[in-house]
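Asker: Those sequence lines, one after another, are chains G and R. Numbering-wise, the first sequence is residues 1 to 732 according to my numbering. Numbering-wise, the second sequence is residues 1001 to 1170 according to my numbering.
These are computed hints drawn from the structure, not numbers from a lab. Treat the hints loosely; a few may be bogus.
Partial selection, computed: residues in chain G whose CB lies under 8 Å from chain R [to be verified]:
no.: 1; residue: E13
no.: 2; residue: T39
no.: 3; residue: E52
no.: 4; residue: S56
no.: 5; residue: R58
no.: 6; residue: C66
no.: 7; residue: G297
no.: 8; residue: P707
no.: 9; residue: S709
no.: 10; residue: A712
Quick list of simulated restraints, FRET-style, between CB atoms [as the list claims (entries may be wrong)]:
no.: 11; chain 1: G; residue 1: L724; chain 2: R; residue 2: A1050; range: 37 to 45 Å
no.: 12; chain 1: R; residue 1: R1163; chain 2: G; residue 2: R76; range: 54 to 62 Å
no.: 13; chain 1: R; residue 1: S1142; chain 2: G; residue 2: Q726; range: 44 to 52 Å
no.: 14; chain 1: R; residue 1: A1024; chain 2: G; residue 2: S489; range: 17 to 25 Å
no.: 15; chain 1: R; residue 1: Q1108; chain 2: G; residue 2: R76; range: 42 to 50 Å
no.: 16; chain 1: G; residue 1: P376; chain 2: R; residue 2: R1140; range: 28 to 36 Å
no.: 17; chain 1: G; residue 1: A389; chain 2: R; residue 2: S1156; range: 29 to 37 Å
no.: 18; chain 1: R; residue 1: A1112; chain 2: G; residue 2: S697; range: 14 to 22 Å
no.: 19; chain 1: R; residue 1: A1024; chain 2: G; residue 2: D452; range: 43 to 51 Å
no.: 20; chain 1: R; residue 1: E1004; chain 2: G; residue 2: S644; range: 54 to 62 Å
no.: 21; chain 1: R; residue 1: S1142; chain 2: G; residue 2: G372; range: 33 to 41 Å
no.: 22; chain 1: G; residue 1: P689; chain 2: R; residue 2: S1156; range: 25 to 33 Å
no.: 23; chain 1: R; residue 1: A1112; chain 2: G; residue 2: G297; range: 19 to 27 Å
no.: 24; chain 1: R; residue 1: A1052; chain 2: G; residue 2: A27; range: 21 to 29 Å
Residues on chain G that point at chain R, a partial pick, calculated with CB under 10 Å [unchecked claim]:
no.: 25; residue: D65
no.: 26; residue: L615
no.: 27; residue: Y617
no.: 28; residue: P660
no.: 29; residue: L703
no.: 30; residue: E713
Glycine included, C-beta positions come from ideal geometry on N, C-alpha and C.
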Amino acid sequence: MKNEHITAYALGELQGPQREDFERALAASPELQSTLASTAALCDAIPGAAEEDLGSRRRASLLADCRRNIAAGERRRKVAKIVFASSLTALAACLLIAPMLPWTTLHRGAPPDAGSGGRSSGFLVQAPPAPRHPLAENLPGSSASVAWADEAGAVPPAMSRVSPDDRSDVDAKRIIDQVAAQPSSSLVTMAGSLAPAPQLGPPASREEAVALATSAPLLADKDAARPVRQFSSGWSSPDARPADSLARSSRGGFNTEAYDAVEENRFLEAQENPLSTFSIDVDTASYANVRRFLNDGQLPPKGAIRVEEMLNYFPYDYPQPDAGRPFSANVESARAPWNPEHELVRIGIQGRRLDPDSRPPASLVFLIDVSGSMRPENKLPLLKRSLAALAENLGADDRIAIAVYAGAAGLVLPPTSGSDKQTILSALARLDAGGSTNGAEGIRLAYQAARDQFLKNGTNRVILCTDGDFNVGTTSQSSLVELIESERSSGIFLSVLGFGRGNLKDSTMEKLADKGNGNYAYIDSLAEGRKVLVDEVGGTLFTIAKDVKIQVEFNPARVAAYRLIGYENRLLAKEDFNDDRKDAGEIGAGHSVTALYEIVPAGSSLPGRPPVDPLKYQPAPAAAASPSQDLLTLKLRYKEPAGSTSKLIEFPVRDAGATPFAEASTDFQFAATVAAFGMKLRGSPGADPIPWKDLLSTARRNLGEDPGSHRAEFLTLIEKAARLPQPSPAED
Amino acid sequence: MSPEHIIEEALARYERPLISHAKAITGEIESARDAVQETFLRLSRQDVAALAPRLAPWLFHVCRNCALDHTRKLVRFPSGELDESAHASDAPSPADAAGAREETSLLQRLVADLTPREQELVRLKFEGGLSYKEISQTLRISVSNVGVQLHNAIQSLRSAWLRENAEIRP
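Next up, chain G with everything else stripped away, as it sits in the complex:
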């Protein structure tokens, strides 16, 4: 019996076998009986009624406002239902008509007139959560996972265009997930599966093709991947801009913070560059850093603004993956808020959450910089408080050790069980800053401690905490990177926590964490320390999939050009996607990754780009005649934390037509606003600047549930940025 069962029993919270155990112990112990009696008496005596209320006038007007909001919400849902019902009729019509038509009339080039209101050939289909075909259900591990997101404010349903000629697309190695539209939003979820893909022959009949379409995302092993045909070069951005000298000089004062220049991704023609490949990034440091600048009344230097890290700072309400799968993928599209001609496609990947009670044990070694520069209140003292908060949340199976480095390196806390809180806290209390830095010796010591307390079935991680003055002593930075990489292969990962200001070597720290399969977070307040070390302890410390790469193939028949927003320093060559030796980002438990593409639909011209003469020596591009109604295909590759061969998941995404921005989901609108904010701060070309007040009102409308109040805080940052001298537009 545990002590806390006394209180739980008195409050009626103890059930099942625990209750029986407790009652047995109770019967045997008069002492326990008396404790229970006085506990129950106390619980009865604690005042249960709060006194203050809203006041009757305020309550009445609040209820009236609520009724208005509910009525408005119902009107929106009603519109959605009408569209839904009429498209069900269209679906029925399609199914009735289709078998009667000869296949030739359904093929491209002979546009069928059965579909009504479509932008081009194909039927408009609004599929309900369709019953699955028995065949699909019998496939091990490949059942469909279409999550029905129920966003506040009822987003009108999207129209998925389902082309009847998909029959030709179903080949031996593909199970097409005909992305069915949903009743309440255009959010589509597909969950990746770990099970190997069964080999399926082409469906025998059209009915079967339709049934298969509701089944699973494509699954394939590495070997089954389709060959890459394109030879055009993937990514290049020749117009490197002068880093951020402008922004830096405007901040005044002497500052030794270092940021790499960021060359923003440009629009690329889908015809010439159909593949976009990048590594995921769950870092969030850039947002905290930008916040720190704005709170200080300064515009952040452009190099410090990494839009993807700002996007990923916020939790989104993506559905959890099905059991046994590491993450779910969610795609949603709507018009871009800064340019209604363009579409914005959001790719959201949600890592599986771990129950805090059942997470695997962790072996953590903190390597703490205690050099003189760490003395200010927002560095070492803040770190100590954050670590004390973490220590409260460690279990008996967890191991923790603390190494420090400065003039000399040393182990201040040898490997200790997480249940021994007193030892941990007193070691923390003894930490004090002073001396200069010798990181090389410290990091060797930390890895040694990590090996000493290595947990075979747990997470093993070294966490470097520094303000970035990482002096590697006599060793060069490249040998440090080598050390980190070799430890990574033995299962010890490295994360980096950045502290303080004025001395931050942002780019070095991000690179170190990258090499060590870890993440990089910037901690500027106790709240942030809690967010990183306690609330997100699962995500920060427990990797559920590693080397996660994303490759998107755009359909040139649908997409004239596209631009990946952010992820500039995460781009990979298209060949790297299938190369398992190439390191990429990790995804931790509960982490989500969000990426946005801005798309110029086929038929529109590229902004500010003079046309190029047609090529003389190559046949006219054939892709424009591609019969596929896909907008794009999303491919994900990942390895399991201990694995070395990657798995591939593929999701074709239908062209859902352009949903107006205001009708997109709350999360979509909020993410787009964060991206627009980052781009505006950077003075990005391409996105027409949205006025600050519009950013603020869109963000405010889309706060959602806002766990942790991070979105509400974002509002204050917009307000602050609006009051500062405006950033100069970057030269294109």
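Position chain R relative to chain G; hints supplied.
Answerer: Quick look at chain R alone, frame taken from chain G:
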């Protein structure tokens, strides 16, 4: 049950506990009322029926966020430019508070001596009437953690209470 009914019932049941919950964060009644009002307005914009099964944790969590937002605004904009509560607060002066405290029951005083986290747990349990599970969803901590922390709070209250009673009746 219609969304209106759900909201009316929720307001009837949780109005006071929510205000108390928010007031502990903002330290002041008017902003606590604002936070509760904002919470219900947000609720009315959500799909109320879908939230109904986990309504209590949702309300207390969102209310907590709203209250925190409020304190954040106060700290961040000392100029008062965006400060909505610059007008006179009806929080009692220290002298009044001392007088009032003498009138409150012994237990209220003892609860006030707990750590802020323990006070929050006691309020959620006793004023809000939330179950361990609902508290764990509200505060985003595990159920067993709720059990341990609440137990610590109750047992330190109990020993203080027994001590006080012993002093009164020696």
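Asker: Look at each hint and say if it fits the structure.
Answerer: Okay, the hints, checked on the actual structure:
Annotation: E13(G) was flagged as interfacial toward chain R, and the flag holds, the nearest CB pair being 5 Å apart, inside 8 Å. Checking T39(G) against chain R by beta carbon gives a least distance of about 6 Å; that is within 8 Å, so the hint holds. About 5 Å separates the beta-carbon of E52(G) from the nearest beta-carbon of chain R, less than 8 Å, and the hint is met. Proximity of S56(G) to chain R is violated relative to the hint, the smallest CB-CB distance being about 11 Å (cut-off 8 Å).
Evaluation of the R58(G) hint against chain R yields a held restraint, the C-beta minimum of about 7 Å falling below 8 Å. About 4 Å separates the beta-carbon of C66(G) from the nearest beta-carbon of chain R, less than 8 Å, and the hint is met. The restraint placing G297(G) at the interface with chain R is violated, with a minimum CB-CB distance near 12 Å, outside the 8 Å limit. Below 8 Å, beta-carbon pairs count as interface contacts, and P707(G) has one with chain R at about 7 Å; its hint therefore holds.
Annotation: interface hint on S709(G) holds; nearest CB of chain R at approximately 4 Å, less than 8 Å. For A712(G), the interface hint holds, the least distance from its beta-carbon to any beta-carbon of chain R being 4 Å, beneath 8 Å. Between L724(G) and A1050(R) the C-beta distance comes to about 41 Å, which sits within the given range of 37 to 45 Å. For R1163(R) paired with R76(G), a C-beta distance near 59 Å keeps the hint of 54 to 62 Å intact.
Judged by the Cβ atoms, the range 44 to 52 Å given for S1142(R) and Q726(G) holds: they are separated by roughly 46 Å. Restraint check, A1024(R) to S489(G): a C-beta distance of roughly 50 Å breaks the suggested window 17 to 25 Å. Distance hint check: the CB atoms of Q1108(R) and R76(G) are about 46 Å apart, consistent with the given range 42 to 50 Å. Checked against the hint of 28 to 36 Å, the pair P376(G) and R1140(R) passes, with Cβ atoms roughly 31 Å apart.
Evaluation of the 29 to 37 Å hint for A389(G) and S1156(R) yields a failure: the beta carbon distance comes to about 21 Å. Separated by about 41 Å at the C-beta atoms, A1112(R) and S697(G) break the suggested range of 14 to 22 Å. Take A1024(R) and D452(G): their Cβ atoms lie about 45 Å apart, and the range 43 to 51 Å holds. Take E1004(R) and S644(G): their Cβ atoms lie about 58 Å apart, and the range 54 to 62 Å holds.
Distance hint check: the CB atoms of S1142(R) and G372(G) are about 40 Å apart, consistent with the given range 33 to 41 Å. A C-beta distance of roughly 56 Å is found between P689(G) and S1156(R), which places it outside the suggested range of 25 to 33 Å. Distance hint for A1112(R) and G297(G): a CB-CB separation of about 38 Å, inconsistent with the stated range 19 to 27 Å. Range check, A1052(R) to A27(G): about 40 Å between beta-carbon atoms, so the 21 to 29 Å window is missed.
Because the smallest distance between the Cβ of D65(G) and any Cβ of chain R comes to about 6 Å, under 10 Å, the interface hint for this residue holds. Hint on L615(G) is violated. Least Cβ distance to chain R is approximately 53 Å, over the 10 Å limit. Restraint check, Y617(G) versus chain R: the minimum CB separation of about 58 Å is more than 10 Å; hint violated. The interface hint given for P660(G) is violated, since its Cβ lies 19 Å from the closest Cβ of chain R, which is over the 10 Å cut-off.
The criterion of a C-beta within 10 Å of any C-beta in chain R is met by L703(G), whose closest approach is roughly 8 Å, and the hint holds. Interface hint status for E713(G): upheld, as the beta-carbon distance to the closest one in chain R is roughly 7 Å, under 10 Å.
Violation of the numbered hints given earlier is confined to hints 4, 7, 14, 17, 18, 22, 23, 24, 26, 27, 28; the remaining hints are satisfied by the structure.
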